[in-house]
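*Asks:* Using the sequences and the hints given, assemble the complete structure.
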Amino acid sequence: MSGGKAAKATIKSLINDLASKDGVVRVMARRQLVANIKRSVAPLIRTPSNENDWVRREATKALSQIGNPESIQALLEALKDKRFEVRWLAAERLIRIGRKAIVPLLAACPSNSFSQA
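All the letters of the sequence shown, read from the start, carry residue numbers 10 to 126 under the working numbering.
Certain hints may be false.
[What the hints assert, rightly or not] In the DSS-like style, the derived pairs of lysine-lysine whose C-alpha atoms are separated by at most 25 Å in a straight line are: (1) Lys47 with Lys109; (2) Lys47 with Lys21; (3) Lys89 with Lys109.
[Stated by the list, open to error] Label-pair distances were calculated between CB atoms; the ranges are: (4) Trp97 with Gly32: 30 to 38 Å; (5) Trp97 with Ser58: 33 to 41 Å; (6) Pro113 with Phe93: 31 to 39 Å; (7) Arg105 with Arg40: 27 to 35 Å; (8) Lys30 with Lys109: 32 to 40 Å; (9) Leu115 with Arg40: 28 to 36 Å; (10) Lys21 with Ala116: 18 to 26 Å; (11) Phe93 with Thr19: 30 to 38 Å; (12) Asn25 with Ile46: 12 to 20 Å.
Quick caveat, the hints were computed from the structure, so don't treat them as lab data.
Keep in mind that this is a model prediction, so the values were computed, not measured.
The beta-carbon is built from N, C-alpha and C at its ideal position, and this holds for glycine as well.
*Replies:* This is the structure:
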């Protein structure tokens with residue numbers, strides 16, 4: 010297996026580990042994903058559509074820790090998650106990102122959100 014394919018397989022394996030029932034396994038996988046920012050951001054951005062609650066939560070934590078501007082859209086999607094904790098983590102990170110997150114956040118809001126009653 011070439012280096013690129015091996016790295017992709019490793020990232021995929023780490024993302025799969027985010028679904029583990031073992032919290033230590035999840036934390037270790039998240040830390041390794043954060044440490045491999047260049048290879049892990051794109052796969053992490055795709056995780057908000059994952060059906061597993063643990064994967065979405067841990068991926069949101071990882072994206073929050075990475076703080077990459079590319080993660081803004083995934084964090085906006087996480088604001089719609091069914092789990093409160095995922096929504097909270099995403100909101101906290103968007104606040105920390107600050108101005109860079111404002112335009113995408115406003116664009117994601119329904120057009121009637123700002124109309125007066």
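*Asks:* The structure should be examined with respect to each hint, and the outcome stated for every one.
*Replies:* Going through the hints against the structure:
no., hint, result
1, Lys47 with Lys109, "20 Å, holds"
2, Lys47 with Lys21, "14 Å, holds"
3, Lys89 with Lys109, "20 Å, holds"
4, Trp97 with Gly32: 30 to 38 Å, "18 Å, violated"
5, Trp97 with Ser58: 33 to 41 Å, "19 Å, violated"
6, Pro113 with Phe93: 31 to 39 Å, "22 Å, violated"
7, Arg105 with Arg40: 27 to 35 Å, "19 Å, violated"
8, Lys30 with Lys109: 32 to 40 Å, "36 Å, holds"
9, Leu115 with Arg40: 28 to 36 Å, "33 Å, holds"
10, Lys21 with Ala116: 18 to 26 Å, "31 Å, violated"
11, Phe93 with Thr19: 30 to 38 Å, "31 Å, holds"
12, Asn25 with Ile46: 12 to 20 Å, "19 Å, holds"
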